[in-house]
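Enquirer: Protein sequences, first through last, are from chains A and B.
26 is the number of the first residue of the first sequence in the working numbering; add one for each residue after it.
6 is the number of the first residue of the second sequence in the working numbering; add one for each residue after it.
One or more hints might be untrue.
To be verified - Mimicking SDA-like on lysine to any residue, the simulated pairs with C-alpha atoms at most 25 Å apart in a straight line are: (1) B:K54 x A:N422; (2) B:K38 x A:S362; (3) A:K274 x B:R35; (4) A:K133 x B:R35; (5) B:K38 x A:L242; (6) A:K424 x B:R35; (7) A:K133 x B:G45; (8) A:K424 x A:L405; (9) B:K54 x A:L137; (10) B:K38 x A:N438; (11) B:K38 x A:P394; (12) A:K52 x B:A10; (13) B:K38 x A:L140.
For the record, the hints were derived by calculation from the structure and aren't laboratory data.
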Amino acid sequence: MQEKAIVAIGSADVRMPAVRGRLVRSKWARNLLTFLVVFGPGLIVMEADNDAGAVSTYVQAGAQYGTRLLWLLLLLLPVTYFIQEMVVRLGIATGKGHATMIYQRFGKWWGLFSLIDLQVVNFLTLVTEFAAIALALGHMNIAPKVGVPVAAVGLMFMVLTGSYRRWERVTVFLCLLDTAWLFIAFKLRPATWGGAVHDMFVAGLPTGGVTTGLVFLMVAIVGTTIAPWQLFFQQSCVADKRLRFADLKWSRLDTFLGAVFTIVVAGCMMVAGNAAKVHGLAFSDPAQLAHDLQPFAGEAVRSGLLLLMINAAVLGTTAISLSSAWAYGEVRGWPHSLEMPVRKAKGFYATYVVCVALAAAIVLIPGAPLQLIIIGVQVLAGIMLPSAIIFLQLLLNDKQVLGDEYVNKPWNNWVNWTIIIVLFILSLILAAQVVAPNLFPAT
Amino acid sequence: MSVMALLRPTAISNVSEDQFVVVHPLDDVREDKVDTASLGRMSMTPSVKMSLMALRGYLVLMMLLVLYHVIDLSGALGQSTH
């Protein structure tokens with residue numbers, strides 16, 4: 026194990042059973058290298074959450090309210106970190122996925138409820154990812170009939186190599202491509218950066234106060250930034266990567282850096298949306314915004330926005346499909362690891378392939394009810410998120426599973442219950458809005 | 006040296022006093038984890054019971070709201086509010 030392997034050996038050369046690793050000469054190099062080998066799941070789970078739906082939500086927030094809601098993103102940074110940090114602890118302590126834990130500790134009923142809800146929400150979300158790919162390709166003069174299947178096949182090849190490390194490297198690379206959002210934000214910069222910084226650190230409501238549109242958008246931002254699949258994904262990812270107890274602090278750092286990167290990228294998306302407000306552009310989706318911004322911002326911004334939209338959808342698709350495949354494989358008792366060749370984990374890979382292929386196929390059906398699917402995603406995700414987090418919170422207080430060392434501390438519980446109560450309230454507000462649309466003023 | 010080259014493992018059989026070995030988790034010996042399968046179901050302490058009851062109540066309420074919304078959209082309640 027790493028704790029035994031990463032040690033300074035005594036006073037003379039020491040022979041040991043051959044291990045595969047890297048030799049370094051300083052503690053500094055050891056820490057850096059250990060971080061690099063642990064790095065991945067935290068960044069991926071966070072950045073993949075900046076998927077096509079998130080791009081749409083953040084850009085819309087910028088277009089409607091400029092940079093006025095940047096503070097909400099800053100507020101969500103510790104929230105996402107605290108939730109995912111719990112997942113990391115649970116994954117490292119048990120070496121099992123979230124679906125398994127719910128089945129084993131809460132029984133079949135809750136296990137099935139969580140699994141079915143996860144699969145349905147994930148599948149509907151996948152359809153929206155491919156819809157975004159089709160939209161962006163359409164604006165690049167590539168026929169969706171050609172581009173969508175190519176994207177789907179590419180997404181399948183990403184995981185079918187039988188190497189966790191290969192998948193992780195490719196996905197981390199795609200995550201890092203999102204640094205291009207900084208360039209987009211720089212090109213479409215707000216009137217003053219000082220104003221944007223003010224909006225980030227000083228919470229306030231946009232002109233017009235609390236309206237239906239604002240409430241919906243704020244709930245959508247929260248729902249977009251914290252998604253149920255993330256809990257299942259990261260725990261399974263940590264288990265598949267076989268992270269060790271000694272890796273916990275590096276995995277926490279990975280998760281924290283991932284959260285910071287994701288929030289920065291989300292802020293850049295709001296800044297991009299702000300450009301639409303500044304130029305008085307009305308748009309129905311980010312692909313159209315990219316097209317409309319070309320006269321003001323140039324071809325690089327147009328192409329960049331379209332490619333980043335596709336990248337967001339690809340990242341979302343691979344992570345969400347994997348969370349489905351891992352969860353289903355765990356519950357069915359199938360072999361479920363990216364380290365396994367296809368012939369040894371047929372059910373696991375088949376689940377991934379079916380999710381991707383079906384979602385891509387639905388998007389290509391003329392007249393598919395995409396709007397209904399988007400609403401379905403919002404409703405089901407709203408129902409699922411608080412319940413998924415309650416199970417997480419109960420599991421993190423389970424001393425039989427985590428012992429005294431890894432179980433939640435009292436301050437963890439205060440923070441987490443506060444987050445859960447806020448999420449419940451937001452879900453109820455969303456539900457109340459559905460039943461009584463005139464709850465808040467329309468404008 | 007690229008990051009990839011830095012991370013590429015090699016076979017190591019002896020280590021001198023001023024060296025450290027960094028092993029990728031997937032190249033390492035499997036670590037013993039908690040045997041959760043043998044633990045069975047979580048004990049129903051008052052806080053666990055209360056949390057699950059609250060969750061059931063929340064889910065029932067949300068389902069009723071969704072049902073109401075669907076019926077409302079279908080026009081069965083008279084003129085839809087939408």
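Enquirer: Work down the list of hints and note, for each, if the structure agrees.
Expert: Evaluation of the provided hints:
{"no.": "1", "hint": "B:K54 x A:N422", "in the structure": "holds (13 Å)"}
{"no.": "2", "hint": "B:K38 x A:S362", "in the structure": "holds (17 Å)"}
{"no.": "3", "hint": "A:K274 x B:R35", "in the structure": "holds (19 Å)"}
{"no.": "4", "hint": "A:K133 x B:R35", "in the structure": "violated (29 Å)"}
{"no.": "5", "hint": "B:K38 x A:L242", "in the structure": "violated (42 Å)"}
{"no.": "6", "hint": "A:K424 x B:R35", "in the structure": "holds (23 Å)"}
{"no.": "7", "hint": "A:K133 x B:G45", "in the structure": "holds (12 Å)"}
{"no.": "8", "hint": "A:K424 x A:L405", "in the structure": "violated (31 Å)"}
{"no.": "9", "hint": "B:K54 x A:L137", "in the structure": "holds (19 Å)"}
{"no.": "10", "hint": "B:K38 x A:N438", "in the structure": "holds (24 Å)"}
{"no.": "11", "hint": "B:K38 x A:P394", "in the structure": "violated (46 Å)"}
{"no.": "12", "hint": "A:K52 x B:A10", "in the structure": "holds (19 Å)"}
{"no.": "13", "hint": "B:K38 x A:L140", "in the structure": "holds (24 Å)"}
In this structure, the hints that do not hold are numbers 4, 5, 8 and 11, in rising order.
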